[in-house]
Amino acid sequence: MAKVCWPYFDPEYENLSTRINPPRVSVDNSTCSDCTLIKLDSVNKPGILLEVVQILSDLDLIITKAYISSDGGFFMDVFHVTDQLGNKITDSKTIDYIEKALGPKGQTTEEVKSWPGKVVGVHSIGNHMVVELIGRDRPGLLSEISAVLANLRFNVYVAEVWTHNRRIACVLYVNDDVTCGAVNDPTRLSAMEEQLKNILRGCEDDEKVGYTSFSMGFTHIDRRLHQMLFADRDYEGCGLTNEVDSPSFKPKITIERCEEKGYSVVSVRCKDRAKLMFDIVCTLTDMEYVVFHATISSDAPYASQEYYIRHMDGCTLDTEGEKERVIKCIEAAIQRRVSEGLRLELCAKDRVGLLSEVTRILRENGLSVSRAGVSTVGEQAVNVFFVRDASGNPVDMKTIEALRKEIGHMTMMLSVEKVPSSSKAPEASGWAKTSFFFGNLLEKFLA
8 MAKVCWPYFD PEYENLSTRI NPPRVSVDNS TCSDCTLIKL DSVNKPGILL EVVQILSDLD
68 LIITKAYISS DGGFFMDVFH VTDQLGNKIT DSKTIDYIEK ALGPKGQTTE EVKSWPGKVV
128 GVHSIGNHMV VELIGRDRPG LLSEISAVLA NLRFNVYVAE VWTHNRRIAC VLYVNDDVTC
188 GAVNDPTRLS AMEEQLKNIL RGCEDDEKVG YTSFSMGFTH IDRRLHQMLF ADRDYEGCGL
248 TNEVDSPSFK PKITIERCEE KGYSVVSVRC KDRAKLMFDI VCTLTDMEYV VFHATISSDA
308 PYASQEYYIR HMDGCTLDTE GEKERVIKCI EAAIQRRVSE GLRLELCAKD RVGLLSEVTR
368 ILRENGLSVS RAGVSTVGEQ AVNVFFVRDA SGNPVDMKTI EALRKEIGHM TMMLSVEKVP
428 SSSKAPEASG WAKTSFFFGN LLEKFLA
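Count the sequence shown with our numbering and you get residues 8 to 454, in order.
Just so you know, not all the hints are guaranteed correct.
[Claimed, not checked] DSBU-like mimics (lysine-lysine), calculated; alpha carbons at most 35 Å apart, straight line:
| no. | residue 1 | residue 2 |
| --- | --- | --- |
| 1 | 330 | 257 |
| 2 | 52 | 72 |
| 3 | 356 | 405 |
| 4 | 356 | 425 |
| 5 | 72 | 278 |
| 6 | 46 | 278 |
| 7 | 204 | 335 |
| 8 | 257 | 425 |
| 9 | 405 | 278 |
| 10 | 268 | 335 |
| 11 | 107 | 46 |
| 12 | 257 | 335 |
[Stated by the list, open to error] Distance windows between CB atoms, simulated:
| no. | residue 1 | residue 2 | range |
| --- | --- | --- | --- |
| 13 | 329 | 408 | 47 to 53 Å |
| 14 | 100 | 424 | 26 to 32 Å |
| 15 | 197 | 325 | 47 to 53 Å |
| 16 | 172 | 354 | 29 to 35 Å |
| 17 | 36 | 329 | 41 to 47 Å |
| 18 | 31 | 100 | 19 to 25 Å |
| 19 | 204 | 306 | 43 to 49 Å |
Because the hints were derived from the structure by calculation, they are not lab data. Predicted, not measured: the structure shown is a model, and the values here were computed from it. Note that the Cβ used here is the ideal one computed from N, Cα and C, for glycine as well.
Could you build the full structure based on these sequences and the hints that come with them?
See below:
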């Protein structure tokens, strides 16, 4: 089959097309009785599907169905969405934001930078320093990282940590504990970078990170973490077997060829959860595949998603090696956000070293952090941790009681919830209570 290349987009022509044919956004609450319909007609351009799904995900909306078509000069799609409780979107501010974000003024190209392939990266955004780390995961590693930052008098304002396949990726927004601004002292930054590298130096496979580079947005933490782990090849080791009846039902992913239209059809069936579509579209986009059509549906507790794709060079997935790699990468993208076990939420007045204290307590009580989100709103800090026994066993309730007693002396509020391995709806699995801290928080506090 001859290559059918993705059209070349001249930025000036694209801007002219957008002015002539501005995006049309409709938020419809009358057509369906159980959900809100969000309809978008827009000039087509590379990456537009990810932009739209990212906006909806950052509003914590649950996508129950979606129909995507972008085969040609226009991008047309319909999303069936609800809030985290399964209700229609009736809040006027949320509706107004959707119309503005997806409308003409919201269609902006995200600034990108190349992931440099370093174990530790530091750069400045506004009044915060962004610290990025990736390496081999081990019990207590997050505690060591936060202790280094506390000792150097850096305050962790926002952070997100993912672990997958024995790898850990962190994005932390820090500032100076006195000035509350970005730190520009090269000596101090060099000390922080060197100490963090020393912590991760025991990871014998870290050199492989330098072999891959990707474009990364500055503002979306979730996408950064996906790209970092993808570049780190965390998908290697993900199996291709699918056991529907297993406790942690693995995604069932198949790739077939649509001869009539010249597409590769990627079909995904797995446990439904919030931001599932974002994770899959993010991975396909960063692997340089273009989604021309897609159909998304949720039949609780499972989701079915089908994507008609080609590579940006116009080619389909013709070899078994290509198909196997895409399957592994999508499976990894789905599993990175999955956390079973105990969810701990701690609220306290923000102060330097708070994250270090909390993670030290978790480590001393034999708990391993599989995922974490840290946020600061005003003077209030909220830390969310997904934890498990260091040996992988369920957390003993005696450990939780010990945590309550120790944390009580620190004037902190602790909420404990078990995250089940299976659930009948996304909002019942614990995602509703944690999604605020994962993905959209950075944009909120920068705004």
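*Is the distance from the Cβ of residue 172 to the Cβ of residue 354 consistent with 29 to 35 Å?*
Taking Cβ atoms as reference, residue 172 and residue 354 lie about 31 Å apart, which means the hint holds.
*asked:* Taking 19 to 25 Å as the stated bounds, is the beta-carbon spacing between residue 31 and residue 100 within them?
replied: 21 Å, holds
_Can you confirm whether the C-alpha distance between residue 356 and residue 425 stays at or below 35 Å?_
Holds. Residue 356 to residue 425 sits at ~25 Å (cutoff 35 Å).
*Taking only the CA atoms, is the gap from residue 356 to residue 405 under or equal to 35 Å?*
Distance ~26 Å between residue 356 and residue 405 Cα, so the pair holds.
*Given the hint that residue 257 pairs with residue 425, does the C-alpha gap stay at or below 35 Å?*
Satisfied, since the Cα-Cα distance of roughly 20 Å is no more than 35 Å.
*Are the Cα atoms of residue 107 and residue 46 separated by 35 Å or less?*
Since the Cα atoms of residue 107 and residue 46 sit roughly 13 Å apart, the hinted pair holds (cutoff 35 Å).
*Can the suggested window of 26 to 32 Å be confirmed for the beta-carbon pair residue 100 and residue 424?*
28 Å, holds
*Okay, residue 204 versus residue 306 on CB: inside 43 to 49 Å?*
With Cβ atoms ~47 Å apart, the hint holds.
*Distance restraint between residue 330 and residue 257, which requires alpha-carbon spacing of 35 Å or less*: Judged against 35 Å, a Cα distance of about 17 Å means the pair holds.
*For the pair supplied as a hint, residue 257 and residue 335, is the alpha-carbon distance within the 35 Å limit?*
OK: residue 257 and residue 335 at ~11 Å, within 35 Å.
*asked:* For a C-alpha distance cap of 35 Å, please report whether residue 268 and residue 335 respect it.
replied: Holds, at about 25 Å.
*asked:* Given the hint of 41 to 47 Å, is the C-beta distance from residue 36 to residue 329 inside that range or not?
replied: Once the Cβ atoms are compared, 43 Å apart, the range 41 to 47 Å for residue 329 and residue 36 holds.
In terms of the numbered hints stated before, the structure departs from none.
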